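Engineer: The lines below spell out each chain.
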Amino acid sequence: MPIKKEFIEELEARREKILAGGGKDKLEARRKKGLMTARDRLDNLFQEGTFMEFGMHAQHACHNFGMEKKELPADGVVTGTGYVGERPVAAYSEDFTVAGGSLGQMHAQKICDIMDFAQRSGMPVVCFNDSGGARIQEGVESLSGYGKVFFKNVYLSGVVPQIAVIAGPCAGGAAYSPALTDFQIMVKDQANMFITGPEVIFAATGQKCTMAEVGSAAAHATISGNIHFVADNDAHAIAIVQKLLSFIPSNNIMDPPHDLTQPLVLDEDPGMDDLVPADGKNPLDVKTVIGRLVDNADFFEVQMDFAKNIVVGFGRVQGIVVGIIANQPQVKAGTLDIDASDKAARFIRFCNIFNIPIVTLVDTGGFLPGVAQERGGIIRHGAKMLFAYGAATVPKITVIMRKAYGGAYLAMCSQDLGADLVFAWPSAEIAVMGAEGAVKILYKREIEKDPSCESKLIADYRAKFASPYQAAGKGLITDVIRPSQTRAMVAMALRNTLSKRETRPPKKHGNIPL
Amino acid sequence: MKKLRVTVDGKSYDVAVEILDDQGKPAALQQTAPLLQQTSVAPPASSAPKPSSAPAAGAGSVTSPLAGRIVSVDCQVGQKVASGAQLVTVEAMKMNTFVYAESDGTVASVSVNPGDTVDEGQVLVTLS
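Chains as they are written, first to last, in my numbering: chain C, 1 to 514; chain H, 1001 to 1128.
Keep in mind that the hints were calculated from the coordinates and are not lab data. Quick caveat: nothing in here was measured; it's all calculated off a predicted structure. Hints may be right or wrong, so weigh each one.
What the hints assert, rightly or not - Distance windows between CB atoms, simulated: (1) H:1014 to C:374: 46 to 56 Å; (2) C:120 to H:1084: 46 to 56 Å; (3) C:224 to H:1083: 26 to 36 Å; (4) C:454 to H:1020: 51 to 61 Å; (5) C:113 to H:1023: 42 to 52 Å; (6) H:1023 to C:208: 30 to 40 Å; (7) H:1083 to C:232: 51 to 61 Å; (8) C:151 to H:1023: 53 to 63 Å; (9) H:1020 to C:47: 48 to 58 Å.
For each residue, glycine too, the CB sits at the ideal point set by N, CA and C.
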């Protein structure tokens, strides 16, 4: 006896209405503008046919201002799970065609429910933010909805990876939900994000500014450092999410997707020797070093437009997923400043949470001197790097390529900060400070008497201390290696530390200087 | 796209290699550089006093990316330079930083000499 036909018809009629979101015409209008709809985004993120929707038939909770007569399909947010690659991933996608994607009580509850499911099942959460903000008609309930989403973001932080795509407006308090996730991707031209926009800024302070200056993807990627990736369009943003997921595990108790089937290859790479400039003062491009270090030159850079004096990102070294942190001597002489410290520290902490081994490439003259840096709190910000490295229990492999001076040497994952293995190139200069500065202090009287001796003293100091052998002699370095051996040694080091386990005294959490 | 040099029987060939995925598309995801110029918004650390010696940078001004000492001026007044040409070398923190032309132009003036100390943002060269 088959099920009654009316039941099926009613279900299909309801489904059709809900799938049309704010109306088929509105969906088509978006597509014509080159924008994906909320459901298009999920369909493109997941493998075909794998999307399992949660709460499709949810009803909004507003009974004021005539809203009780309105239907808001799925209450403006599509939530569910699907497969990305081999793995299930949870996602939600706000539907701007339904009441401007505004967040009401049920909208928020659906988001919280899918996040709870993701946490219980240990799967990543991807969200597409495209919302005009709080649903004013629902008043304080909508505000409370935001609070609940924020709380879930925090609850899940460090348990499953959270990735936010800002695909449309994201204004006011709403911006704090993506800000609490691990990675933020903004779609150029169609997205903006701000706490107070140009009108409010002008009304409150009289300062004139444009949206491009305060809320655009470009502003956040280069100046504020609030986001990690800029996408050209929806499809590009989804490609970035998929690429990112290919490097990270589903949760904090799994390993990242290493490929351990590859045999260990210990061949030298003579091209690496050629990358080191003969003159130690001339900068090398650390991205070319990274390109030779990782498999297939496939380096996925994170925050590439912010604090370019440090380069961070993901790659694989002979199949093993690594997070790379590297000084870029071509920008600001590779020095560590406030922004570089913040950028690196956050990345190190992400790697540590999700069991991703850390490879650090060092070539830095030190922390950037300057009034702005001191007054901006470089002590506090630089301390974040020391804290993040010191607290990380994942395998930590450090390669000192050239300059490693003073506090910056320590901050770039020295042995003392817990590096498991430290390799130095013969071009490494590991010292407490540069020769010029050191000689001025050590030989102040001699130089006062006879200024002509200064250049010889500098040369002597440099010959003695601007090398890896002082540090190697004190047991601070595992080995001095040729640049051409780097990939082989790092690959072997990663295999040797894959079984690393380190436990520390139980505590709620450390007190990182914020 | 990666450039490789292959040597066969002593003869060198320069070849460009691109890594493709299973569908034959470029495997390494390209990231987009944002359009906004850093200079259009005051830097976040603007609460610190700005050195008064640094003149305001105008269009065509090439400024020092960090405080340091001029090692060499690598261009001359009147010289035509292409985008990416090396204009000045600044030494700071034991490292040379090369300052490049951001656009094609002619060197209209050079404001520094080797040995000078410069502040971050100070105009080194103007291009017309």
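Engineer: Against the range 42 to 52 Å, how does the distance between the Cβ atoms of residue 113 of chain C and residue 1023 of chain H compare: consistent or not?
Structural biologist: violated, 35 Å
Engineer: Between the beta carbons of residue 1023 of chain H and residue 208 of chain C, is the distance compatible with 30 to 40 Å?
Structural biologist: Cβ of residue 1023 of chain H to Cβ of residue 208 of chain C: about 48 Å, so the range 30 to 40 Å is violated.
Engineer: Take a look at whether the Cβ-Cβ distance between residue 151 of chain C and residue 1023 of chain H falls inside 53 to 63 Å.
Structural biologist: Given range 53 to 63 Å: violated, Cβ gap about 41 Å.
Engineer: Lying within 48 to 58 Å: is that true of the beta-carbon distance residue 1020 of chain H to residue 47 of chain C?
Structural biologist: violated, 21 Å
Engineer: For residue 1083 of chain H and residue 232 of chain C, compare the CB-CB distance with the range 51 to 61 Å and indicate the outcome.
Structural biologist: violated, 23 Å
Engineer: Does 51 to 61 Å hold as the CB distance between residue 454 of chain C and residue 1020 of chain H, or does it fail?
Structural biologist: At 57 Å between Cβs, range holds.
Engineer: Check the following: the C-beta atoms of residue 1014 of chain H and residue 374 of chain C are separated by a distance inside 46 to 56 Å.
Structural biologist: Once the Cβ atoms are compared, 48 Å apart, the range 46 to 56 Å for residue 374 of chain C and residue 1014 of chain H holds.
Engineer: Look at the Cβ atoms of residue 224 of chain C and residue 1083 of chain H and judge whether their distance stays inside 26 to 36 Å.
Structural biologist: About 28 Å separates the Cβ atoms of residue 224 of chain C and residue 1083 of chain H, which means 26 to 36 Å holds.
Engineer: For the range 46 to 56 Å, tell me whether the beta carbons of residue 120 of chain C and residue 1084 of chain H fit it or not.
Structural biologist: Given range 46 to 56 Å: holds, Cβ gap about 54 Å.
In summary, the numbered hints that this structure violates are 5, 6, 7, 8, 9.
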